[in-house]
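Protein chains: 2
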Amino acid sequence: MLLSSSSSMDQIQSASSLLRYLDGELWEIKDALREEISKCELFQSSSYELTLDQNRDLTADRLHHILRLPLMKGHLKDQVKEKQKGFIAKSLSITELICSADMATGVKVGVVCALYGGAVSNLGSSEQKEKWYLPVSELEFTGMFAMTERGHGSNVRGILTEARYNPSTQEFIIHTPSKDAQKMYIGNAMKGNVAAVFAQLIINGESRGPHCFIVPIRDQNGVMWPGVSVIDMKHKEGLHGVDNGILIFDHVRIPRENLLSKFGFVAADGRYSSPIPSKQSRFNAMLAALTPTRLCLTVQAMAAMKLGLIIAVRYSHSRRQFGPKDQDEVKIIEHQTQNLRLMPHLAAALALTFTTRYAADLMDDALYHGRDLQSNRSLQALVAGLKAYSTWQNLACLQDCRECTGGMGFMMENRIPSLKCDSDVFVTFEGDNMVMLQVVVRELLTQYTKQMGNNLVMGLLRNWSSSASDSLRTSFLSFTVDKVGDLTFLLKAVRYRERVLQRSLASRLHSKVEKNKEEFFMAWNSCLHHVTTLATAHIHRVTLEQFALAVQECPVGDDRALLNKFCLLHGTSLVYQERGWYLEHNYLTANASRQIRSQLLEFCRLVKDDALKVVADFNIPSCCIQAPIAGVANPRAEWAFYAQPQYPGGTQPQSKL
Amino acid sequence: MLLSSSSSMDQIQSASSLLRYLDGELWEIKDALREEISKCELFQSSSYELTLDQNRDLTADRLHHILRLPLMKGHLKDQVKEKQKGFIAKSLSITELICSADMATGVKVGVVCALYGGAVSNLGSSEQKEKWYLPVSELEFTGMFAMTERGHGSNVRGILTEARYNPSTQEFIIHTPSKDAQKMYIGNAMKGNVAAVFAQLIINGESRGPHCFIVPIRDQNGVMWPGVSVIDMKHKEGLHGVDNGILIFDHVRIPRENLLSKFGFVAADGRYSSPIPSKQSRFNAMLAALTPTRLCLTVQAMAAMKLGLIIAVRYSHSRRQFGPKDQDEVKIIEHQTQNLRLMPHLAAALALTFTTRYAADLMDDALYHGRDLQSNRSLQALVAGLKAYSTWQNLACLQDCRECTGGMGFMMENRIPSLKCDSDVFVTFEGDNMVMLQVVVRELLTQYTKQMGNNLVMGLLRNWSSSASDSLRTSFLSFTVDKVGDLTFLLKAVRYRERVLQRSLASRLHSKVEKNKEEFFMAWNSCLHHVTTLATAHIHRVTLEQFALAVQECPVGDDRALLNKFCLLHGTSLVYQERGWYLEHNYLTANASRQIRSQLLEFCRLVKDDALKVVADFNIPSCCIQAPIAGVANPRAEWAFYAQPQYPGGTQPQSKL
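Here the protein sequences come in this chain order: A and B.
First residue of the first sequence: 57, per the working numbering; consecutive thereafter.
First residue of the second sequence: 57, per the working numbering; consecutive thereafter.
Only chain A is shown next, with the shape it has when bound in the complex (with noise of 0.2 angstroms):
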């Protein structure tokens, strides 16, 4: 059905099994995209002399595209269902796609449909769902999400707008009592329609805690909704298409109707009920509910890696640049240390396409069974981990892309520049990553609190000592040398400084909170550096385990050999980041440590030239490359054009696209 046109079934018939299996399950949806995509003049590469009205007017054009489309529709009204099949799985590899054509535009499709749709759709009753998110669909308006205030970006649960009940007209009344009250950074403020408002219940005088809210914000024709006001952010770093602004309500009525009753419901007299006594735990469920949007982040980040690489590694393909006396120039991705810069964040991008759909597939598992969210305590620190570690990631990976580029990857029409830009405020949006290290610790520190019976002091003690064998088995005497370069070993070693950073954190915080009596966000905050070295060893060790696991279950021989080199890449070059605290900790000798470096420069080498057939099984068309050092022609640049390079065998896998 999605395979309409014979020119996808020509794709499909020439793809490899390497890019089957880096597509997954989903290749069809995604071949369908990628079609819709490369054949839509919207999102040819477009000029960039336009101004910021021309750049957000072409970017609503494009969201309005995608959401015309009839997969795009069928998807949205999966969503208001109850008990989805994969839907997040499927949101991912639309967002990801999306992005890949238009950073803004994958963002714009974010507020709408995962953030607005997500709050109506998680939050909302059935009715409520019908009204508020399905005329999306049908491009009746668009929505917003109002959560941020200017005094409370990361900290949620304190946010300062009021929703005041108001039994004789039945309506509530939403203000902004304060400064730090205004809502601030909202996507599409300049032209959405309605808004998704995190507020303060109040109902004769008494809080009820945060709940949300639709309020209306301007109608069809630009007319603002009474006491609303808003303001222009204008210009940024990067997304020059996203409408950011700055929401201010001055005692703005809406109906009784309009708070999403999921969690919390007021009756016409003003009496109050949810499902979840607990302000505490009613605040947790609703934000548990939004955080399957927090993958998509995920997904973004790798949308703009996979490019950045693939325009970086065709290029130092391409490009000379030094040699051996009278003779050739050699390819740049000869030079040790191109190779160096590359390749490692080409093994993290594999990672973390793996690993991005391990926690889709867990979700969608949970989300289908009805479990809750907020309690898999394992699900929330990976999906935090996973945007903070993505996320930063990818902007290391695209600045390396960047400098391995020279010159040429400094100017727009190869296209990194603004990749870099866009997405440059992944790292603080949508949870600032260091807040989001903190919730993954947080995670596990209520996990292993849990497991050891709610007492912290026999916990620690006890897994003390049934670990002692365990931390004398894993411990570096027990090892020869010649075994650095075993997935065994690596998976050993990362999951050994997991449990370590886990049991001196939780020993120290115990320390200073149990015996010395420190108030506990001072405690906290004194191990901040242990609390955030600890989220990153536990998001290293995932990655590199479903890594792994995707290498054991691939099916042909030579994809499943290349990958595993990749996957040792992987694993060595995360030992050879933290190897200071494998040597202090003993974990590591001296040779061996040396042993590890030899080891990441040894791959990086071994694989250079696979990068090349590892990118074009990204799959992406050539209209959201658009690089010309990538071998895709502007005539606007000729200047920059640079043939594709052979890939090594001959069998150049040409996209359709």
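Quick caveat, the hints were computed from the structure, so don't treat them as lab data.
Among the hints, a few may not be true.
All copies of an identical chain are treated as equivalent in the list; a pair is satisfied when it fits inside any one copy or across any two copies.
[Unchecked claim] Within a straight-line C-alpha distance of at most 16 angstroms, the following computed EDC-like cross-link-like pairs (lysine to aspartate or glutamate) qualify:
no., residue 1, residue 2
1, K247, D113
2, K621, D665
3, K381, E575
4, K139, D428
5, K235, E694
6, K290, E694
7, K381, E574
8, K129, E92
9, K235, D306
10, K247, D109
11, K133, E194
For this one, chain A is given, so just place chain B on it according to the hints.
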């Protein structure tokens, strides 16, 4: 003389002793320029809605305004004199301030004065300087610098542009023989009038190596010189005001007198003469004459770093987020990870301030005494190393500043995004950083080999034995762990690292090239990671030494104490970054390594409040800071305003500008 107005007098009277120490001996020139910039309408923050052409026009206006200043005119006239005293230091002071005001203007001034001007004044005769450079100070025309070619960015020796001498007309025929020979990324290409073009001089079919020629590009009315064509490269990640283009020469005829003749002269009949017989040494001398301009990049990067730090430090001291239960939220600078991310950059900015001053003084001294810069190996290594270290350090710093200011740091009005985008290219232009690091090591090894009497083997052995005791002396065994906080310990550590890396590299290269007869390029390439590591260790060591000296020489006790804390932080941060290496070499015990980490956290906490004073004493005018989150109001973005935090102690040293 420079202090004409009363407001600058006021400012000077209120200047703190630290401010004066950081400004250095040239504070009067700097103050004069600060005042000029502050009172000039052109340098007030401009719209983000400008088109490319409008941006370029504004930058041209700013360039002309700067060139018209009496202080600048005088400086340019000094440039063509022999034996200028303190010319480099003064150039760097001027460059840093212009870059603080606007990076694109700073780069354009650099192209016209340092690159084009440097070429003419260093490679030309007195008549040529008078004819081709003095008119620039009268705004009669501007120049550009055409060295880089499409085929050879970093590998300049291989340039392909030809300059054939035609004795019958006494002309050179400048020609672009192939696509790879096109002059690329040329700044001022769309607006400049003449170019200093590097081309292979060919006389009677014989090549004399690269020389520099003055080639007219377009007249004052924009009419192109016959045979010259130019392609506009248009949009870049940043530096939108700099017009980069591609120059192509189709048998362009220029008079014989247009060969800059200091290092090579062609008589009317085609006889060639040069004070330097070897082609290779001649080209090296030409390049060496241009090394002062490389130091400009370092101060450009410093200007960006300091701006980023002012903004991030001030905001971190006013913004509050999270905190102990039932108490006010804390300033975000109190978050351990926040001060851990920002403070080491502030320490590095101070280290760079003193190290750049040292390099400038060395260079001024050499130039004043007419000494050859090229043979000054340690100076060449220092300048190349500083370029790479400072420009990377700047990007890392700005990225942390951007992330530490959250969503606000992503908004253009808060200045950090454009600083990032403008200075991103510094790491690859004017010598790619990876190439710069190789230059450092080439210079170090040449020096080393010379010291050892040109016999690498004997040298290595002799050196090993002579320093065996030293190696023992500096090993960890002789330190008790309570000393890792001493500056002596930190200095010894960075020196030890450089020495060991140098020795081991020399030994590896020797065994590859001499024993195993590997081709040199291939051997070098297989050691490239080692090479870049050594280069970084070298420049780390120099910055710590210069910082330590500057602390010693600081005349005021309080300032000395404050600087000393930052110096210790800088050293601790350098050793912490490389603790893996120190552990591998048993230079640090596991315990000492852990102590280095605690020390790093502790120093960052200790200096976080001093940071406010330091950034104030960078003494950057408000009109250059621009950011509302740093307390500089902007009617265009009132929503972003945060009042400046108060300095502890209450003696807020307000700049008048």
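Hints and how they fare:
no. : hint         : verdict
1   : K247 to D113 : within (9 angstroms within a copy, 33 angstroms between copies)
2   : K621 to D665 : within (12 angstroms within a copy, 48 angstroms between copies)
3   : K381 to E575 : between (67 angstroms within a copy, 8 angstroms between copies)
4   : K139 to D428 : within (13 angstroms within a copy, 78 angstroms between copies)
5   : K235 to E694 : between (51 angstroms within a copy, 12 angstroms between copies)
6   : K290 to E694 : between (33 angstroms within a copy, 12 angstroms between copies)
7   : K381 to E574 : between (66 angstroms within a copy, 12 angstroms between copies)
8   : K129 to E92  : within (14 angstroms within a copy, 60 angstroms between copies)
9   : K235 to D306 : within (12 angstroms within a copy, 64 angstroms between copies)
10  : K247 to D109 : within (11 angstroms within a copy, 29 angstroms between copies)
11  : K133 to E194 : within (10 angstroms within a copy, 70 angstroms between copies)
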